[in-house]
Amino acid sequence: MKNLVILGAGTSGTMMANHLVSKLPKDEWKITIVDQYKTHYYQPGFLFLPFDIYTTKQVKKNGKKFIPKGVNYIQEKIELIKPEENKVSLENGETLNYDILIVATGTKIAPDETEGMDGPMWHKNIFDFYTYEGAKALRNKLREWEGGKLVIHITEMPIKCPVAPLEFAFLADSFFKNKGMRDKVDITFVTPLDGAFTKPKATEALHYLLEEKGIKEVTDFNIERVDYENNKIIDYADTEVDYDLLVTVPTNMGDALIERSGLGDDLNYIPTNKTTLQTEAHENIFAIGDCTNLPASKAGSVAHFEAEILTENILRYIDGRELKEEFDGHANCFIETGNGKALLIDFNYTTEPVEGTFPFPGVGPLSLLKESRTNHMGKMAFRWIYWNMLIKGVHIPFVSATMSKKGKKLEN
Amino acid sequence: MEKTYLQSIIQINEEGYLTDFTQWTKEIGAEIAKEQGIEMTDKHWEVIDYIHDKYKNEEALSIRGIKKSGVINIKEFYELFPGGPLKKATLIAGIPKPKSCI
Ligand SMILES: Cc1cc2nc3c(=O)[nH]c(=O)nc-3n(C[C@H](O)[C@H](O)[C@H](O)COP(=O)(O)OP(=O)(O)OC[C@H]3O[C@@H](n4cnc5c(N)ncnc54)[C@H](O)[C@@H]3O)c2cc1C
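Top to bottom, those sequences are chains F and Y. Under this note's numbering, the letters of the first sequence match residues 1 to 412, in that order. Under this note's numbering, the letters of the second sequence match residues 1001 to 1102, in that order.
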């Protein structure tokens, strides 16, 4: 019997378990998946939880439910990966041997990387919404907050779901409008980038929306520290931004496990071949999703595209065939813009988000880079698709793993 | 686009960044710095050397990377290249503007 071990049962790990269970011969391969938590969170829902759009129940489910029969599920913290010995040790002292390892441990926030951030005011008037705890604490705060300066802030790039902070700003604008208190809230969006988003084309469209909604922008802001006593964030150029309520996206880092195992870069991301998903250092270790150093967006949709290609490459690797160099960085993200509307962007390593229709060329029904209600319905449907199709590894009809250029207004 | 520095014709993009690193020389770097109001010192060149190293090894540049470089701390980096230090330093170094972002 050979062993295939998957580390992490989040979006990517769960998808891989579901893909592989039907592809690997049961009498030759044993598949094991390990995660520290019982709960599988629907992280995209953390954006809606603070505004009471989703309930806590809608964003978490028992993780085991999504692991297919025939896969050995272990709920335990992973202590160390020992690539030289092809072993993984768990916190309870157990050791797992592997012939193939898939790392899918994701990324998480590291507020302690910034002075003053997770000090005494953490989750009092400084919040994150990238964790369940943060999003829920922020919901409770927003229910009673009477207004003032709301600052939405990105600490440093890369972060997972790079559009989420902007979406948060748009949703906040609608939220306070609906509460009849928009005039009491001053919203500022603070970013280390030189514009609203990482891709110039989308930045233009998004900048326009920020302006329309009266949200101020502070760009090129590299935070040095949070002065929590005086409610200010201060950057290295001594620029200061005052807040009453700070909603920040702290530095994102791979799990400390990656650092302990000597497999990561500065931010604990695993150097991974960007087309095959094999790790650069070890041929029998593959990595998928947010834990890699791929120059692609860290998003569930990206992980979904990666999973299809990684499944193919695992099979090829087992057969001793050459790996398919196919992953192109395809990302497909809805951007919630408030008031029941959303934008949709589709891009990859080399092609910028463009205008057009999706997934059917010329027909849609979704429109790329344009605000519409149908796009918003798409974003809301994503939760259903996530729980019922995406993590179960069901192919989403009409959406291909690599980016299609049909129906899009591409520039040369 | 083209621009003439010290009698050589240099290829640049619309933001002024060199598009062909082989055309870069230290003298041209110093000229670009002057345009940015920066008088180059040894410390400046030390940073530029570090940036060239990173560029040659195809490693991404970031504020975090500078912090860990051991060459300079971030406060000094901002003092040497006021404004956007990474953007200015790469402009002077003749390499593309960093995209530390996806
Ligand atoms: C606010 C927000 C909004 C988002 N919106 C969208 C969106 O609209 N669309 C979209 O496509 N994506 C969105 N995303 C991103 C998406 O959720 C992630 O990209 C996706 O979940 C990544 O999957 P992953 O499997 O790589 O990591 P994760 O799903 O984070 O899973 C990693 C798993 O590894 C486990 N693990 C890590 N270390 C250890 C250890 N040492 N021991 C045991 N277990 C360990 C963790 O417990 C976790 O379960 C959003 C994310 C956030 C935070």
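Hints in this document: simulated from the structure, not taken from any laboratory. If you're wondering where the values come from, they're calculated on a predicted model, not measured in any experiment. Be careful, since some hints might not be right.
[Unchecked claim] A few chain F residues that don't get close to chain Y, going by computed Cβ distances all over 12 Å:
#, residue
1, N62
2, D118
3, P158
4, F176
5, P192
6, K199
7, T219
8, I223
9, Y236
10, A237
11, D265
12, N293
13, P295
14, I318
15, R321
16, G378
[To be verified] PhoX-like mimics (lysine-lysine), calculated; alpha carbons at most 25 Å apart, straight line:
#, chain 1, residue 1, chain 2, residue 2
17, Y, K1026, F, K160
18, F, K216, Y, K1068
19, F, K124, F, K82
20, Y, K1026, F, K201
21, Y, K1088, F, K274
22, Y, K1026, F, K232
23, Y, K1003, Y, K1067
24, F, K409, Y, K1034
25, F, K160, Y, K1068
26, F, K216, Y, K1067
27, F, K160, Y, K1003
28, F, K201, Y, K1088
[As the list claims (entries may be wrong)] One side only, chain F facing chain Y, incomplete, derived with CB under 10 Å:
#, residue
29, N72
30, E113
31, E156
32, M157
33, D194
34, L209
35, D220
36, N231
37, D235
38, T251
Cβ coordinates follow ideal geometry from the N, Cα and C atoms, glycine included.
Hints versus structure:
no. : hint                 : verdict
1   : N62                  : 32 Å, holds
2   : D118                 : 18 Å, holds
3   : P158                 : 5 Å, violated
4   : F176                 : 29 Å, holds
5   : P192                 : 8 Å, violated
6   : K199                 : 9 Å, violated
7   : T219                 : 10 Å, violated
8   : I223                 : 10 Å, violated
9   : Y236                 : 5 Å, violated
10  : A237                 : 5 Å, violated
11  : D265                 : 9 Å, violated
12  : N293                 : 9 Å, violated
13  : P295                 : 6 Å, violated
14  : I318                 : 31 Å, holds
15  : R321                 : 28 Å, holds
16  : G378                 : 22 Å, holds
17  : K1026(Y) to K160(F)  : 39 Å, violated
18  : K216(F) to K1068(Y)  : 32 Å, violated
19  : K124(F) to K82(F)    : 40 Å, violated
20  : K1026(Y) to K201(F)  : 34 Å, violated
21  : K1088(Y) to K274(F)  : 29 Å, violated
22  : K1026(Y) to K232(F)  : 41 Å, violated
23  : K1003(Y) to K1067(Y) : 33 Å, violated
24  : K409(F) to K1034(Y)  : 41 Å, violated
25  : K160(F) to K1068(Y)  : 23 Å, holds
26  : K216(F) to K1067(Y)  : 29 Å, violated
27  : K160(F) to K1003(Y)  : 39 Å, violated
28  : K201(F) to K1088(Y)  : 23 Å, holds
29  : N72                  : 34 Å, violated
30  : E113                 : 9 Å, holds
31  : E156                 : 6 Å, holds
32  : M157                 : 4 Å, holds
33  : D194                 : 8 Å, holds
34  : L209                 : 19 Å, violated
35  : D220                 : 6 Å, holds
36  : N231                 : 23 Å, violated
37  : D235                 : 9 Å, holds
38  : T251                 : 8 Å, holds
Checked against the numbered hints above, the structure violates hints 3, 5, 6, 7, 8, 9, 10, 11, 12, 13, 17, 18, 19, 20, 21, 22, 23, 24, 26, 27, 29, 34, 36; every other hint is satisfied.
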